[in-house]
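Colleague: The chain contents come next:
Number of protein chains: 2
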Amino acid sequence: MPTLTLRTPFLIFVGDESRVTYAKTGRGIVDWRRDHCAGQLRLSAGACDLGLPDMTVAEAAGAGVGSLVIGTALVGGSIPPAWIATLTEAARAGLDIVAGLHTRLAGIPELAAAAAEGGAKLVDVRTAPADLPVGSGRKRTGMRLLTVGTDCALGKKYTALQLERDMRAAGLSADFRASGQTGIMIAGEGVPIDCVVADFISGAAEVLSPENAPNHWDVIEGQGGIFHPGYAAVTHGLLIGSQPDAFVVCHAAGRTEIEGWPHVPLPSIGDVIERTVQIGRLTNPAIRCVGISVNTSTLPEGERREYLARLGKRYGLPAVDPLLTGTAAIIDNL
Amino acid sequence: MPTLTLRTPFLIFVGDESRVTYAKTGRGIVDWRRDHCAGQLRLSAGACDLGLPDMTVAEAAGAGVGSLVIGTALVGGSIPPAWIATLTEAARAGLDIVAGLHTRLAGIPELAAAAAEGGAKLVDVRTAPADLPVGSGRKRTGMRLLTVGTDCALGKKYTALQLERDMRAAGLSADFRASGQTGIMIAGEGVPIDCVVADFISGAAEVLSPENAPNHWDVIEGQGGIFHPGYAAVTHGLLIGSQPDAFVVCHAAGRTEIEGWPHVPLPSIGDVIERTVQIGRLTNPAIRCVGISVNTSTLPEGERREYLARLGKRYGLPAVDPLLTGTAAIIDNL
Chain A
230 MPTLTLRTPF
240 LIFVGDESRV
250 TYAKTGRGIV
260 DWRRDHCAGQ
270 LRLSAGACDL
280 GLPDMTVAEA
290 AGAGVGSLVI
300 GTALVGGSIP
310 PAWIATLTEA
320 ARAGLDIVAG
330 LHTRLAGIPE
340 LAAAAAEGGA
350 KLVDVRTAPA
360 DLPVGSGRKR
370 TGMRLLTVGT
380 DCALGKKYTA
390 LQLERDMRAA
400 GLSADFRASG
410 QTGIMIAGEG
420 VPIDCVVADF
430 ISGAAEVLSP
440 ENAPNHWDVI
450 EGQGGIFHPG
460 YAAVTHGLLI
470 GSQPDAFVVC
480 HAAGRTEIEG
490 WPHVPLPSIG
500 DVIERTVQIG
510 RLTNPAIRCV
520 GISVNTSTLP
530 EGERREYLAR
540 LGKRYGLPAV
550 DPLLTGTAAI
560 IDNL
Chain B
230 MPTLTLRTPF
240 LIFVGDESRV
250 TYAKTGRGIV
260 DWRRDHCAGQ
270 LRLSAGACDL
280 GLPDMTVAEA
290 AGAGVGSLVI
300 GTALVGGSIP
310 PAWIATLTEA
320 ARAGLDIVAG
330 LHTRLAGIPE
340 LAAAAAEGGA
350 KLVDVRTAPA
360 DLPVGSGRKR
370 TGMRLLTVGT
380 DCALGKKYTA
390 LQLERDMRAA
400 GLSADFRASG
410 QTGIMIAGEG
420 VPIDCVVADF
430 ISGAAEVLSP
440 ENAPNHWDVI
450 EGQGGIFHPG
460 YAAVTHGLLI
470 GSQPDAFVVC
480 HAAGRTEIEG
490 WPHVPLPSIG
500 DVIERTVQIG
510 RLTNPAIRCV
520 GISVNTSTLP
530 EGERREYLAR
540 LGKRYGLPAV
550 DPLLTGTAAI
560 IDNL
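Sequences listed follow chains A and B, in order. For the first sequence, my numbering gives the first residue as 230, with consecutive numbering after it. For the second sequence, my numbering gives the first residue as 230, with consecutive numbering after it.
These are calculated hints, taken from the structure and not from any lab test. None of the values given here were measured: they were computed from a predicted structure. Idealized CB from N, CA, C, for every residue including glycine. Errors might be hidden in some of the hints.
[What the hints assert, rightly or not] Partial list, derived from the structure: chain A residues whose beta carbon lies under 7 Å from chain B:
id	residue
1	G364
2	D423
3	V426
4	V463
5	G466
Chain A on its own, in the form it takes in the complex (with noise of 0.2 Å):
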């Protein structure tokens, strides 16, 4: 069944952005999935560092490298000039492009005709794949954990990778299942379930998590929100066809309304917690929220524990912040 699949190992095409913030996805390949990485590209002295060995396309070449990996946030989401030279060698090489801009890098002539000279693809993570099938509604094996949320934008895939790295930890089987481009630039594999044609949202996330052995885990990157005006069909077809056993919600403290929609009010944790187990009962009559996962960097640092354990209390459940106290309280409820 068709995901998207990336060509390991990575060469990381830092550009010459120097800002951190814009390298996210660069920084987040090399945070999740080292293993992945052979090394970095700056076109300049003052390009972020990544911490990887610094390697010419020649090089990466001769490394067996797959993929060139563009790991920077683009404003206005195009490629600029000045890097096309080196994508171009990198096709001519053999080397995969990735990229999750708005540019299609097929639409690039010069890109394009390297590719075919080098055998290389060029991968569009925004692009889902082809053949997706509708959603059967049927049972598989194995366990499956979706995060959830309150809004965007606030920790869910995050989330998810801390949660694949603290069940392996705990000796348990787990793997993330990639949703989003970001997500799918760091597992190497994934379905951009928000880029679907609507009729295949649910078979695709049912490609996503496809059956396995009764006693793993899928932890599912969760997309949108279910009361968000924008994005809930997405994350309700994400939510039926992973048929979640678990699911955790994340949240932002102090966040009240929906990010980019000033009009309309956040939904409460519990008013998420109870849509949730309503619609995902359709395709998992024994779905259960197992935990919340906040991003409490917005609070003072005394004061972040304290708010946790609150919510804890409030609803029943552990109350995480990934980065401060990691997600083991979560997997202790699994």
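Fit chain B to the known structure of chain A by using the hints.
Modeller: Just chain B now, with coordinates in the frame of chain A:
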């Protein structure tokens, strides 16, 4: 804002299709929008007669026809070679060619060339318009009614069309809004909501029923089913983007499982009402169910009205079969 809009009047192309059920798109256009139809084009004497004047391409062009609309369903979804000459002639004469097939019209080289020559458009009603927005969730003026269902393929489009007809007959200002390919060919306009990219479903629904006069009703064709394991995400996005004041639950008497998903039991009408209200409140807190519309054609003739009466009493709502009773009882309840 972008919806698909077809150029009227239409020449309905029947080809050599002699089976009435396979010509139902053409039939539907004649039934619901006779004033859009200038004539029919049949390739053989045995082809279905839709009751329109027979016209050649030249006659249609002379009469100012805007589009040749392929009014038949095709097994396999592709265009028979025997049709190409006629379609090409029409495109060269400047008629837009409209189809809802899996094969893309622009992928037929001689047709693409003829369209370029004649200044005609090739319109695939399965292709969503470009530049759809993300849903805003903002309240729009005007009133909206959405048809929902216990499943797919049980009369959501038909009910909406009959409601439009009966509302207009009752002196109300009302427009059918098409969310599927056949509906679009009937209405001459709409958005194929199940073909939209996931992130834009509710935004597409917002475009489909734009701001309108305070006493105007948009009667929106529903899609999928909120408990459907394949299509519930589409239903969810269409619901919150439509922000309906009123909805009608459509059902087929005797159906007990999701059609094509025999392992999934059909939800009850009560379940659908409850869940639709829960989700719809996000963008319209005043949402309410105003009636039930059932296809009772599978019941014995003598039991149909009694079945509707029983159902209406059970839910405290008007229960109609549009073909048997019309929809006036629902309109009285608005």
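Colleague: Decide, hint by hint, whether the structure agrees.
Modeller: Evaluation of the provided hints:
1. G364: Holds - the Cβ of G364(A) comes within 7 Å of chain B, reaching about 4 Å at its closest.
2. D423: At about 4 Å, which falls below the 7 Å cut-off, the nearest Cβ of chain B leaves the hint on D423(A) intact, so it holds.
3. V426: holds, 6 Å
4. V463: holds, 5 Å
5. G466: Since the shortest Cβ distance to chain B is 3 Å, the answer is holds.
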